[in-house]
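Chains as they are written, first to last, in the working numbering: chain B, 263 to 539; chain P, 263 to 539; chain U, 263 to 539; chain Y, 263 to 539.
Hint data in this document are derived by calculation from the structure and do not stem from the laboratory. Treat the hints with care, since some could be wrong.
Which copy is meant is left open, because identical chains are indistinguishable; a pair holds if it fits in one copy or across any two.
Stated by the list, open to error - Straight line, CA to CA, 20 Å or less: simulated EDC-like cross-link-like pairs of lysine to aspartate or glutamate:
| id | residue 1 | residue 2 |
| --- | --- | --- |
| 1 | K269 | E528 |
| 2 | K435 | E279 |
| 3 | K378 | E413 |
| 4 | K269 | E307 |
| 5 | K468 | E417 |
| 6 | K423 | E447 |
| 7 | K420 | E469 |
| 8 | K311 | E447 |
| 9 | K515 | E530 |
| 10 | K519 | E368 |
| 11 | K420 | E382 |
| 12 | K360 | E513 |
| 13 | K515 | D532 |
| 14 | K471 | E413 |
| 15 | K519 | E265 |
| 16 | K311 | E469 |
| 17 | K519 | D532 |
| 18 | K420 | E368 |
| 19 | K515 | E413 |
| 20 | K269 | D532 |
| 21 | K515 | E448 |
| 22 | K378 | E513 |
Here the structure is a predicted model, which is why all the values come from computation and not from measurement.
Protein chains: 4
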Amino acid sequence: MGENRWKTAVTKIQPNEIRLRGYRIDELMGRVSFAEAAWLALMGELPTKEVGQLVDAIFVSSIDHGATPPSVMAALTVASGGAALEPCVAGGILAISKSHGGAVEECMRVLTDAVKRWNESAGGPGKESSGGSGGESRGGAGMGAAAVAAEILAEYNKTGKRISGYGHRIHTKDPRKDRLFELAEEAGLKGKHIEMAVAFENELGKEGKSIPLNVDGAIAACLCDLGVPILLANSFFIIARTVGIIAHVYEEKTRYKPMRRIDPVEQEYDGPGDRGL
Amino acid sequence: MGENRWKTAVTKIQPNEIRLRGYRIDELMGRVSFAEAAWLALMGELPTKEVGQLVDAIFVSSIDHGATPPSVMAALTVASGGAALEPCVAGGILAISKSHGGAVEECMRVLTDAVKRWNESAGGPGKESSGGSGGESRGGAGMGAAAVAAEILAEYNKTGKRISGYGHRIHTKDPRKDRLFELAEEAGLKGKHIEMAVAFENELGKEGKSIPLNVDGAIAACLCDLGVPILLANSFFIIARTVGIIAHVYEEKTRYKPMRRIDPVEQEYDGPGDRGL
Amino acid sequence: MGENRWKTAVTKIQPNEIRLRGYRIDELMGRVSFAEAAWLALMGELPTKEVGQLVDAIFVSSIDHGATPPSVMAALTVASGGAALEPCVAGGILAISKSHGGAVEECMRVLTDAVKRWNESAGGPGKESSGGSGGESRGGAGMGAAAVAAEILAEYNKTGKRISGYGHRIHTKDPRKDRLFELAEEAGLKGKHIEMAVAFENELGKEGKSIPLNVDGAIAACLCDLGVPILLANSFFIIARTVGIIAHVYEEKTRYKPMRRIDPVEQEYDGPGDRGL
Amino acid sequence: MGENRWKTAVTKIQPNEIRLRGYRIDELMGRVSFAEAAWLALMGELPTKEVGQLVDAIFVSSIDHGATPPSVMAALTVASGGAALEPCVAGGILAISKSHGGAVEECMRVLTDAVKRWNESAGGPGKESSGGSGGESRGGAGMGAAAVAAEILAEYNKTGKRISGYGHRIHTKDPRKDRLFELAEEAGLKGKHIEMAVAFENELGKEGKSIPLNVDGAIAACLCDLGVPILLANSFFIIARTVGIIAHVYEEKTRYKPMRRIDPVEQEYDGPGDRGL
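Full structure from sequences and hints, please.
Structure follows, in structure tokens:
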């Protein structure tokens, strides 16, 4: 057993037995959802039913956003050169980075710091939020969420820094955000980070121009309240968007010829008409 | 509206409205599972409840198989060079190809051809299988599944070709396969391709050495019976394994130092002990 | 010394000594060109001065062809998502495939087969071409290059197949092709594959429409005459184009903002004016 | 001409004319080396003969360093999954990052800052180095290179930071470094950054343990003295190492079977024996 021997805590493989974080994968199949199993793989433990459902909704929210984002454009361009499916998907994932999808990570940092400051102002990290109650009513001991948000935004204004997770080039009121927070609330999973994310939105609104929380910011707030480490921030988007990338690559390969000039703007939707569940 | 204007049928984007294959994504959130939404994105229509559950099980079955497959080894190696999460995932996906994950695609071809031959021997594609009944009892009109399988394997033996989707370097009886077929049967989704896959397994057993159907072959049979196009064969594995790749990359980044020599054999599991649901 | 012990014939590493195919790398530095050292790495032996110069010209010919090919478009799109340099380059290389750069490989197959047929018609592979002389004057024993080319094109016409390495969407007379063949001739390296490539071009011209040999076809002919294995066909393009990809990514990162819509057509050159050596 | 119209200064494409930074590419072919053309593409102007030769030597120095670095291991692992050449190369390039190849970039930052500090101590950036003379003899006005190096290393020691570009896991006296500096000196290209790099090495030596400048550090010093922007730091390594990656992938594809367990340590060289030019 050489000096290069190493250990992994993800999956145990034995003949005719595969255990993901301790659970037999064939026992998980048909009993837990993909979202729950993904959470198990990433976080080490099975989620509660409520957490599993919120993670499922985060995945669904991120599956696709049309053919204009860099991830899909890169994947289509690789497909247009004639590559197999996997290199197309890989090319798409490479385009997910600081400026595309990366707002989740950046916003998680901001919210984590803000909630930490909020906790400290209230007399240390021991004083936990009582849940859905507004930051303003937190008692006389410390600042409310609104005050912390205002303080941080004032610091940003001084240095010209912009807060990640707010504003969208197309959506002024992102329907995915409202739905995510609705589901988080229903599940009793709304915590201080979602509260803080809303506080930032309110403060930004006071500056005159509306810069609403976008879906990246909403996911960031949910992931923070779920206790996901920041290093895993982009994971949920990557996993979900892989689906959209594949759907677009499949369309490219079955509908268009190679070496096509893929216009990032001059495109229109011609799929199924509007319909409801 | 230039000559480069093009169309996509995946997602319609309008201000404050995102419609995946016609459905509002915020309406899908919390109401359909990720597996169902992924099926919608890839196949264009929502699956039945039964199909959605089988797809979910396929995803769960493929999430991870430890740190030795090329996809995880490649991702860990990229991580060891110091890259961000996305390039690590992309590197891992690039290793999914003909020899790793690709057996699904190859086996889908074999099963599709075999069932076509079976249908034709029975008097044309119009004669559909009656379901779970064995190929042998199909009546006098044509060959049974067993005869078709034997015929094809005899052809393979002549040319030295091996059938994809059978045999595994570790598992003699892959628990994921049995569970998948069990779920397919319970859901009433077991069709001629699963039947044919089993017929091949039986024939291979007659040759003396047991070369059991592996999970790739089982997934191939399910996808064929679900009507998934062969070009999408590897998609399900790619989407699911992205989770495992990320779990391993996260471990690499939090547990090990860069530029580590990552031994593909000298590794052992040290995660949670055996446990059940 | 385990069962996984393996061997490599590329580079020997010892403390303070690095030997590429047997040569000390510090001895190669300053004494052989990058093109010569690349040939040594890929082919195992140092090239003659003449071969080294032709390889150098092949590299130079392939460095860049503007911002429209998929490799550059993919790299710019990845850059636009905010990735580091390496993922951008990787994304670009993934777009080099069957339909982009891949004509070299396909044309090498065609030329290899054609010259084999030519040799066989002349009484077996032993009868080598006498060099620059036209195929027609090869004596009575066999077919000339022109006849072989005509025969193959007739077969292609029957099946609707197109010959790779001929025709270009922009250039009717690719200046890189003429220069490559000129250099090959000057160096005494023009062999039967270049001769055959020209024979195809002549035959295609007879069909009324001019479908001239393009740079991919010219490189293919040179690589065949240099004895490069087909599996390495795309290597030369990949190595050289990496330079162009990096030049474009550097421009993207220093000149444009992230998340830019990168139009594949609406672009124009604004660099240095026309100039000569 | 839409709002998405954009400009590029790399290459002008017109029918039958390709101009790289203003020069006809067919005129460059056979007249400038690949190293010179690469410099033209990256830096915008043709290099002097001396600069071109030093760049050539930098490329040659970086072509390969055996099969153990992450870039080759990742490429081999992707190859082992069955992928085409391009995805293998891309996988390899993804492993070039902060911890593998990235020392060039980091060391360029250190040397740039150090030389700036040196210049400032000497009375502003106007006072250029007189060339090869030692920093100690720079006159009474400011600090010598040695003093600057000592000052910076003392700061590093306080914070536990390590200087990039020094030390190597295998080579105590990297032959590529000595040769690079020798060539730089012969070409009259040795400037203050090389001088500073050596000063750091001397200071590190004084601390008792020898931590010699490695090839990354030597390349960093050369690139700084050549005026290459830091954002292009890794480019030269990426371009050159693409060759080594391809050589190893070709070996993997022609010599080994897919799905091989590729041991990062248990490997040995079996190529041509030691030989000289």
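Check your understanding: Is the C-alpha distance from K360 to E513 at most 20 Å within one copy, between copies, in both cases, or in neither?
Key -> between (27 Å within a copy, 18 Å between copies)
Check your understanding: When no copy is named, should K515 and E530 be tagged within, between, both, or neither for a Cα gap of at most 20 Å?
Key -> This pair counts as within: shortest intra-copy Cα distance 18 Å, inter-copy 29 Å.
Review point. Using 20 Å as the alpha-carbon threshold, which applies to K515 and E448: within, between, both, or neither?
Key: Neither. Shortest intra-copy (41 Å) and inter-copy (35 Å) distances fail the 20 Å Cα cut-off.
Practice item. Measure nothing new, just compare the shortest in-copy and cross-copy C-alpha distances for K515 and D532 to 20 Å and report within, between, both or neither. Key: For K515 and D532, only the intra-copy Cα distance (17 Å) is at most 20 Å; the inter-copy one is 34 Å.
Review point. Between K519 and D532, at a C-alpha cutoff of 20 Å, which is it: within one copy, between copies, both, or neither?
Key: within (18 Å within a copy, 31 Å between copies)
Practice item. Could you place K311 and E469 in one of the four classes (within, between, both, neither) given a Cα distance threshold of 20 Å? Key: This pair counts as neither: shortest intra-copy Cα distance 40 Å, inter-copy 48 Å.
Practice item. Classify it for me, K420 with E469: is the Cα-Cα distance of at most 20 Å met within a copy, between copies, both or neither? Key: This pair counts as within: shortest intra-copy Cα distance 14 Å, inter-copy 44 Å.
Check your understanding: Using 20 Å as the alpha-carbon threshold, which applies to K420 and E368: within, between, both, or neither?
Key -> Within one copy, since 19 Å is at most 20 Å while 30 Å is not.
Exercise for review: Tell me, please, which holds for K471 and E413 at an alpha-carbon limit of 20 Å: within, between, both or neither?
Suggested key: Only inside one copy: K471 and E413 sit 18 Å apart there, 49 Å across copies, limit 20 Å.
**Study point:** Copy assignment of K269 with E307, given that the CA separation must stay at most 20 Å
**Key:** Close inside one copy (18 Å), not across copies (42 Å); limit 20 Å.
Point to revise | Within, between, both or neither, where K378 and E513 count as close if Cα-Cα is 20 Å or less | key: neither (46 Å within a copy, 26 Å between copies)
Exercise for review: Up to 20 Å between alpha-carbons, please classify K519 paired with E265: within, between, both or neither.
Suggested key: Answer is between; shortest inter-copy Cα gap is 15 Å, intra-copy 52 Å.
In terms of the numbered hints stated before, the structure departs from hints 6, 11, 16, 19, 21 and 22, listed from lowest to highest.
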